[in-house]
Amino acid sequence: DARVTQTPRHKVTEMGQEVTMRCQPILGHNTVFWYRQTMMQGLELLAYFRNRAPLDDSGMPKDRFSAEMPDATLATLKIQPSEPRDSAVYFCASGLRLAGAPYNEQFFGPGTRLTVL
Amino acid sequence: AQSVTQLDSQVPVFEEAPVELRCNYSSSVSVYLFWYVQYPNQGLQLLLKYLSGSTLVKGINGFEAEFNKSQTSFHLRKPSVHISDTAEYFCAVSEGSGGSNYKLTFGKGTLLTVNP
Chain A
1 DARVTQTPRH
11 KVTEMGQEVT
21 MRCQPILGHN
31 TVFWYRQTMM
41 QGLELLAYFR
51 NRAPLDDSGM
61 PKDRFSAEMP
71 DATLATLKIQ
81 PSEPRDSAVY
91 FCASGLRLAG
101 APYNEQFFGP
111 GTRLTVL
Chain B
1 AQSVTQLDSQ
11 VPVFEEAPVE
21 LRCNYSSSVS
31 VYLFWYVQYP
41 NQGLQLLLKY
51 LSGSTLVKGI
61 NGFEAEFNKS
71 QTSFHLRKPS
81 VHISDTAEYF
91 CAVSEGSGGS
101 NYKLTFGKGT
111 LLTVNP
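Taken in sequence, the protein lines are chains A and B.
What the first sequence shows, in the numbering used here, is residues 1 to 117, in sequence order.
What the second sequence shows, in the numbering used here, is residues 1 to 116, in sequence order.
Be careful, since some hints might not be right.
Using 30 Å as the maximum straight-line C-alpha spacing, the simulated DSS-like pairs for lysine-lysine come out as follows [said to hold, decoys possible]:
| no. | chain 1 | residue 1 | chain 2 | residue 2 |
| --- | --- | --- | --- | --- |
| 1 | A | Lys11 | A | Lys62 |
| 2 | B | Lys58 | B | Lys103 |
| 3 | A | Lys62 | B | Lys103 |
| 4 | A | Lys62 | B | Lys108 |
| 5 | A | Lys78 | B | Lys103 |
| 6 | B | Lys103 | B | Lys49 |
| 7 | A | Lys11 | B | Lys108 |
| 8 | A | Lys78 | B | Lys108 |
| 9 | B | Lys49 | B | Lys108 |
| 10 | B | Lys69 | B | Lys49 |
| 11 | B | Lys69 | B | Lys58 |
| 12 | A | Lys11 | B | Lys103 |
Pulled from the structure, derived: some chain A residues nowhere near chain B, Cβ distances all over 10 Å [claimed, not checked]:
| no. | residue |
| --- | --- |
| 13 | Lys11 |
| 14 | Met60 |
| 15 | Asp71 |
| 16 | Thr76 |
| 17 | Glu83 |
| 18 | Ala88 |
| 19 | Ala99 |
| 20 | Glu105 |
| 21 | Gln106 |
Examples of chain B residues lying across from chain A (beta carbon under 7 Å, computed) [what the hints assert, rightly or not]:
| no. | residue |
| --- | --- |
| 22 | Tyr32 |
| 23 | Pro40 |
| 24 | Leu44 |
| 25 | Leu46 |
| 26 | Leu51 |
| 27 | Thr55 |
| 28 | Phe106 |
| 29 | Lys108 |
Hint data in this document are derived by calculation from the structure and do not stem from the laboratory.
All residues carry an ideal CB built from backbone N, CA and C; glycine is no exception.
Let's have the full structure, built from the sequences with the hints guiding it.
What follows is the structure in structure tokens.
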């Protein structure tokens, strides 16, 4: 049963600390998405990768957030330094984008619940 | 730019009753439309999608939705709900063509609570 996995599932940290969230996309998928979910803003797209290249990170605060794909099996989202307003659930999703296909379905991981004190 | 409005933040219903969750969107281009379900402490799961063709779309777990272009709506329905349908439901839209159709814009969600 292929699934997107995310670690850690929960993270509590203090303001100013670095936070790294990891995502393992479904094997063979070539697109990765990072979303943030909060009560106030709902679900927001932070970053989009295709074939490990960042194609859209317009939703990500550039000063403290960074997203990378060191290899096809790992995507990371880093916050440095973290702030209380970063408290949210962060979801990773992956999909298979085929040439000529109208769209690609996104398969979501279970999320990382981040609390910054 | 696109936007999605889910008109009800919470919908309580009794088991075996019908339910409709409402979704309206705005877009200047053709769109694809989606409904996702999120169970507690889990990620989102695709329920159904409209890309083109028949405006009545059937999904998993007995749900269906109807695309109404003139009313810019994509309401989700189920004729008889179960306790296990209790979850949050999200409507989403993407551009129907072009390079940005990977980008989903989500509504704020509707919490469906099914009571015995």
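Given the proposed pairing of A:Lys11 with B:Lys103, does the C-alpha separation stay at or below 30 Å? Status holds; Cα separation ~27 Å.
Hint status (Cβ of B:Pro40 to nearest Cβ of chain A, threshold 7 Å): violated (11 Å)
Taken at face value, is the distance from the CA of B:Lys108 to the CA of A:Lys11 at most 30 Å? OK: A:Lys11 and B:Lys108 at ~24 Å, within 30 Å.
Tell me if B:Leu44 is really an interface residue toward chain A, meaning its C-beta lies closer than 7 Å to one of theirs. holds (4 Å)
Please settle this one: A:Glu105 was flagged as non-interface, so is its CB more than 10 Å from every CB on chain B? Check fails; 6 Å does not lie beyond 10 Å.
For A:Asp71, which was marked as not at the interface, is the minimum beta-carbon distance to chain B over 10 Å? holds (21 Å)
Straight-line Cα separation of B:Lys103 and B:Lys49 no greater than 30 Å? holds (14 Å)
Does A:Ala99 clear chain B by more than 10 Å, comparing its Cβ with all Cβ atoms of that chain? Answer for A:Ala99: holds, closest chain B Cβ roughly 13 Å.
Quick one, is the B:Leu51 hint okay against chain A at 7 Å, beta carbons? With a minimum Cβ separation of about 5 Å from chain A (threshold 7 Å), the hint on B:Leu51 holds.
Checking hints one by one. Is B:Leu46 an interface residue toward chain A, by the C-beta closer than 7 Å rule? Holds. Min distance 6 Å.
Pairwise hint evaluation, B:Lys103 against B:Lys58, where the allowed Cα distance is 30 Å at most: holds (23 Å)
Can we confirm that no CB of chain B comes within 10 Å of the CB of A:Met60? With a cut-off of 10 Å, A:Met60 remains clear of chain B, as the shortest Cβ separation is near 13 Å.
The structure fails to meet hints 20, 21, 23, 27 from the earlier list, while all remaining hints are met.
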